[in-house]
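Line by line, the protein sequences are chains Z and A.
Position 378 of the first sequence, counting from 1, maps to 378 under our numbering, and the rest follow consecutively.
Position 98 of the second sequence, counting from 1, maps to 546 under our numbering, and the rest follow consecutively.
Hints were generated in silico from the structure; no laboratory data involved.
Fair warning: there could be bad hints in the mix.
Unchecked claim - Listed next, the stretches of chain Z that the computed footprint assigns to chain A, with coverage defined by at least 3 CB atoms under 8 Å from CB atoms of chain A: (1) 180–194; (2) 211–223; (3) 332–341; (4) 347–357; (5) 412–426.
Unchecked claim - Here are some of the chain Z residues that sit facing chain A, going by a computed Cβ distance under 8 Å: (6) 100; (7) 102; (8) 229; (9) 300; (10) 302.
Ideal Cβ positions, reconstructed from N, Cα and C, are used throughout, including at glycine.
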Amino acid sequence: MSSARPEVLVEDQKDDGTFRVHRSAFLSDEIHAAEMQRVFERSWLFIGHESELAEKGEYRRRKIAGRSIIFVRSDDGEIRAFHNTCPHRGAIVCRQDKGVAKAFQCFYHAWTFNSRGQLKGIPGKDGYDGGTFDAAERSLKPVARFESYRGFHFVSFQEDIQPLYDYLAGAREYLDLIVDQSPSGQLRVADGSHQYSIRANWKLLAENSIDGYHGMPTHQTYFEYVAEAGGLGGKGGKKLHGRGHSLGNGHACVEYWAPWGRPVARWVPIMGEEAKPAIEAAKAEIVERQGAEKADRICEWNRNMLIYPNLVINDIMSTTIRTFWPVSKDYMEIDAWAIAPVEEGEGEALQTRLHNFLEFLGPGGFATPDDVEALESCQIGFEAGGEQWNDVSRGMKREALVDDELQMRAFWRQWVAQIEGYEIDDWGDAPLPDELVTPDAERTWAIT
Amino acid sequence: MTDTTMPQTTHDRLMLRLEVEEFLIEEAAILDEWRLDDWIALFTDDATYVVPSTDLAGGDPARDLTLIDDDRLRLEWRVKRLKSRHAHREYPWSRTRRLVTNVRVLRAEDDELDITASILVHRFRHGRQDHFVARYLMTLVRTEDGLRIRRRRAEIDQERLSPNGALSMIL
Ligand code: FES
Ligand SMILES: [Fe+2]
Numbered sequence: 001m002s003s004a005r006p007e008v009l010v011e012d013q014k015d016d017g018t019f020r021v022h023r024s025a026f027l028s029d030e031i032h033a034a035e036m037q038r039v040f041e042r043s044w045l046f047i048g049h050e051s052e053l054a055e056k057g058e059y060r061r062r063k064i065a066g067r068s069i070i071f072v073r074s075d076d077g078e079i080r081a082f083h084n085t086c087p088h089r090g091a092i093v094c095r096q097d098k099g100v101a102k103a104f105q106c107f108y109h110a111w112t113f114n115s116r117g118q119l120k121g122i123p124g125k126d127g128y129d130g131g132t133f134d135a136a137e138r139s140l141k142p143v144a145r146f147e148s149y150r151g152f153h154f155v156s157f158q159e160d161i162q163p164l165y166d167y168l169a170g171a172r173e174y175l176d177l178i179v180d181q182s183p184s185g186q187l188r189v190a191d192g193s194h195q196y197s198i199r200a201n202w203k204l205l206a207e208n209s210i211d212g213y214h215g216m217p218t219h220q221t222y223f224e225y226v227a228e229a230g231g232l233g234g235k236g237g238k239k240l241h242g243r244g245h246s247l248g249n250g251h252a253c254v255e256y257w258a259p260w261g262r263p264v265a266r267w268v269p270i271m272g273e274e275a276k277p278a279i280e281a282a283k284a285e286i287v288e289r290q291g292a293e294k295a296d297r298i299c300e301w302n303r304n305m306l307i308y309p310n311l312v313i314n315d316i317m318s319t320t321i322r323t324f325w326p327v328s329k330d331y332m333e334i335d336a337w338a339i340a341p342v343e344e345g346e347g348e349a350l351q352t353r354l355h356n357f358l359e360f361l362g363p364g365g366f367a368t369p370d371d372v373e374a375l376e377s378c379q380i381g382f383e384a385g386g387e388q389w390n391d392v393s394r395g396m397k398r399e400a401l402v403d404d405e406l407q408m409r410a411f412w413r414q415w416v417a418q419i420e421g422y423e424i425d426d427w428g429d430a431p432l433p434d435e436l437v438t439p440d441a442e443r444t445w446a447i448t
Numbered sequence: 449m450t451d452t453t454m455p456q457t458t459h460d461r462l463m464l465r466l467e468v469e470e471f472l473i474e475e476a477a478i479l480d481e482w483r484l485d486d487w488i489a490l491f492t493d494d495a496t497y498v499v500p501s502t503d504l505a506g507g508d509p510a511r512d513l514t515l516i517d518d519d520r521l522r523l524e525w526r527v528k529r530l531k532s533r534h535a536h537r538e539y540p541w542s543r544t545r546r547l548v549t550n551v552r553v554l555r556a557e558d559d560e561l562d563i564t565a566s567i568l569v570h571r572f573r574h575g576r577q578d579h580f581v582a583r584y585l586m587t588l589v590r591t592e593d594g595l596r597i598r599r600r601r602a603e604i605d606q607e608r609l610s611p612n613g614a615l616s617m618i619l
């Protein structure tokens, strides 16, 4: 079913406290086509982490907004990204998802490219003599823009997009909080990834990933398990509390204190007495290096962040990277990875981290299947018709708490501006009068 | 040299395979009927249940990201969760039908058997169909109560878990 597009897709009245999203945003083929052009062709898109390409010649084949892209560490040590298509007559030149290669050879007519993308071998080269053929010009085409921030690599298909550094805006501070967990500032992506799909519009996962409101009702069984296993320790029974933030350019996050343990660096009984010294030492090192205040934030606080449009970084009981790509208006493909400070190596600490990841997240976890169900359920609900609008106004008239919807509004404001073709410079709600600024109250839906 | 890890006669090997097949067919029936308490009773106390990631079939849960890495405690919680009304993707439960075939006994020593089998699980729910193609790698042990599972690993053949979306039932 396709839904007619209304006059306004997003009704945003900051002063009144009205925020509604028209459901055609999830149901319309026309809008899906528009967002492939206006969102995914005009944003910075995460392609991979530097640690995935440990050696020269190591590559990953990635699908970025429907395009096959080669993400490779060239023989000069530089990381590059190329469109995966032969400049001769089109075949893909990289036919495996990962590997290490000195060269990429197109199997069709056997042109060969080095790991910098340069055309180095042409069978029967004399056949081009006398014409305009220029081998240098027939090299693999790099993506229009390719930049990185602290090991996270992004591509953009828009030549004149702003620099990644500026694009990331307030999200940089949160990336720093994650990267600075490592004494050397280096993270490593673990081998093995979660590759799955959801029969729902991709924007439902953008919302869900920074939605503190659904945590307890949807994931009750997960929290019961963690509580019973001894994973919710201490601090005098303090309850989950924190805030939602708009970080600019459509990026947003929730940042909150929660009673569960963190590999860096908050010990809880489930981790075992033997793990305590290492976790405390990690914390002491961060206090030393970053100062007590920032160390508290790094070690004790949790973050779920959306980097617009489709990169999620969760820094919770494990640290995870997730991308999700629209295939059609009601189907998306998801990839997720586990990432950790290199200093954790491959021992006990990494295993705890991976268990924390699996217990909660991923297709076989105790929580993610419920999210998948929720998102597919929304998509089916949209198709049911009747109601035309989603209400996303929660917390618009208070300083946003972790279970408010400011984060989603930040995303939608950027999205609708891109779809409608205008620019904005404020992704937040209206400033509040002093009496409406709420204290950072502990939430009543305590996790016990 | 004779292989001491396998029965010597064709008859004995067939009987062993039949015994394993019967066990696997029974386990599949238990799962298709959602008799989860009966299912967990098939495991030893030191049991593990692992499903590697689709991009790393040989993944080692000690250092690689897998889809599932359950010890007995997590396995019991998985069952408890599936029996609650709050495992939303399996409430109400999906219909499943498991085909277990190509059973091979790889090793039979003392009380332990290493076996492998091919499986095809069809899952039906809310007008949708999902299919899981995989192979089992299991270590079974002989106990007074019959065969029990010590190690259960299901390696998915699909390149991605698509369009399945989740592994909400037991594979
Ligand atoms: S298409 Fe690649 S060599 Fe011809
Ligand atoms: Fe969730």
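Hints versus structure:
1. 180–194: holds (count 5)
2. 211–223: holds (count 3)
3. 332–341: Coverage by chain A holds for the segment 332–341 of chain Z (3 residues, Cβ < 8 Å).
4. 347–357: holds (count 5)
5. 412–426: Violated, because only 0 residues of the segment 412–426 of chain Z bring their Cβ atoms closer than 8 Å to Cβ atoms of chain A.
6. 100: 16 Å, violated
7. 102: 23 Å, violated
8. 229: 7 Å, holds
9. 300: Result: violated, 25 Å to nearest chain A Cβ.
10. 302: This hint is violated: residue 302(Z) lies away from chain A, its Cβ roughly 20 Å from the closest one there, beyond 8 Å.
Hint violations for this structure: numbers 5, 6, 7, 9 and 10, all remaining hints satisfied.
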